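Participant: Starting from the given sequences, assemble the full structure and let the hints guide the process.
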Amino acid sequence: MKFKLFILFSLVVIAIGLAGCGGTDSNGDPINRTSFLVNGGPKHQSYTSDIGFVHIGLPPSVSYTQDKNDITHNYLSIQVPTDVGPGKTYTQNDSSIGGFYVVYYNANGVRYQLDSTGTFSLKVTDWAGAGSVAKGNFSGTLVNESVLGDSVQITDGTFQAFIHNN
Amino acid sequence: MNNQPKQRREWQPWHFILSSVFAGFWVPGMMLSINYQRVQDWPTARKVGRMVIWGQLLLWLGVVGLNRFVFNAGPMSHKPWTLFLLLTNGLLGYVLYLAQDNLYYQYATQFYKSSKKEPFIRWQLCFMGLLGTVITALVIGQLEYRFF
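So the sequences go chain by chain: G and L.
The opening position of the first sequence corresponds to residue 17 in our numbering, with each subsequent residue numbered one higher.
The opening position of the second sequence corresponds to residue 1360 in our numbering, with each subsequent residue numbered one higher.
Since the hints were derived computationally from the structure, they do not count as laboratory data.
Bear in mind the structure is a predicted one, so any value in this text is a computation, not a measurement.
Glycine included, each C-beta is placed from N, C-alpha and C at the ideal position.
Just to be clear, a hint being listed does not mean it is correct.
Stated by the list, open to error - Partial chain G-side listing against chain L, Cβ under 10 Å, derived: (1) Q95; (2) G114; (3) V119.
As the list claims (entries may be wrong) - A partial selection of chain G residues facing chain L, derived with a Cβ cut-off under 10 Å: (4) G56; (5) V70; (6) L74; (7) S77; (8) V78; (9) Q82; (10) I113; (11) Y117.
Said to hold, decoys possible - In silico negatives: residues of chain G with every beta carbon more than 12 Å from chain L: (12) S51; (13) K59; (14) S65; (15) H71; (16) T105; (17) S112; (18) S137; (19) D142; (20) V163; (21) D166.
Facilitator: Encoded structure:
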């Protein structure tokens, strides 16, 4: 009986571990994933993350890629401030390197980021702290600060990711 | 032919100043790079890392040029050491760049995927940056002291 309980407990621990480290949910989709439209389409960009939300700086951040071996193209990184919680909404006015931060690299490696000249909004719908899966949605304008007038419209953006302790 | 052993040059204040400037150049560059790493903007962190390395190589060329042609220090036979120093600098820069950029990203990813414990990433980053700066300062300072 004890042995069976041990096996069951081990399976639960392994399942939790896999869920937190780039695993899949009940639908077979990656837990750490994001999806969004760039300039209206034609189809959603779908990226995944190997890790999830981590605290490399104090605020938690997550990075998603289309190809996990390429971190310079088709790449999206989101950092939310430390006061993050369910229902919180952040805009371009909250943008700072130590707070709210969004950067996107397109297929050509061109960098677009939050900027005061473009409106952007990210709403956190689920955030129950370390060990849970964060969810939210986002849309708005990201700006190429190297080329005047170059920007991308992000619409119908959703994200979700496991939250790590560190 | 002069068969007398070469005299080692005395340590001079400007050696120390140049070493300090050289070693100190890492600090703002790495802090900027780390800032971008913190928000997982890895492509920009990589770009800044490259700028630091190239900037430091140029600075080294300036230091060596100043030493040789302005202060007229050391005979031409020291040229191989000049090359060696440049290569050492480049190697150190490259290793540090890899350590704090791509390799670190891969390492962190693998660590999260395979380890039961979660890493204290930010402290590791700070430690690596600090260690790199100290090692660079010590190595370059010693080389300058001994061979210039």
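Participant: So, for every hint listed, does it hold in this structure?
Facilitator: Checked hints:
1. Q95: holds (5 Å)
2. G114: holds (8 Å)
3. V119: Nearest chain L Cβ about 5 Å off; hint holds.
4. G56: G:G56 check fails; min Cβ-Cβ to chain L is 25 Å, beyond 10 Å.
5. V70: holds (6 Å)
6. L74: Holds, because the Cβ-Cβ distance from G:L74 to chain L comes to roughly 7 Å (cut-off 10 Å).
7. S77: holds (5 Å)
8. V78: holds (7 Å)
9. Q82: Since the shortest Cβ distance to chain L is 14 Å, the answer is violated.
10. I113: holds (5 Å)
11. Y117: holds (5 Å)
12. S51: holds (18 Å)
13. K59: With a cut-off of 12 Å, G:K59 remains clear of chain L, as the shortest Cβ separation is near 24 Å.
14. S65: violated (9 Å)
15. H71: Not fine: 7 Å to the nearest Cβ puts G:H71 too close to chain L.
16. T105: holds (19 Å)
17. S112: violated (10 Å)
18. S137: holds (18 Å)
19. D142: Given that every Cβ of chain L is farther than 12 Å from that of G:D142, nearest at about 20 Å, it holds.
20. V163: At roughly 16 Å from the nearest Cβ of chain L, G:V163 sits farther out than 12 Å, so the non-interface label holds.
21. D166: holds (16 Å)
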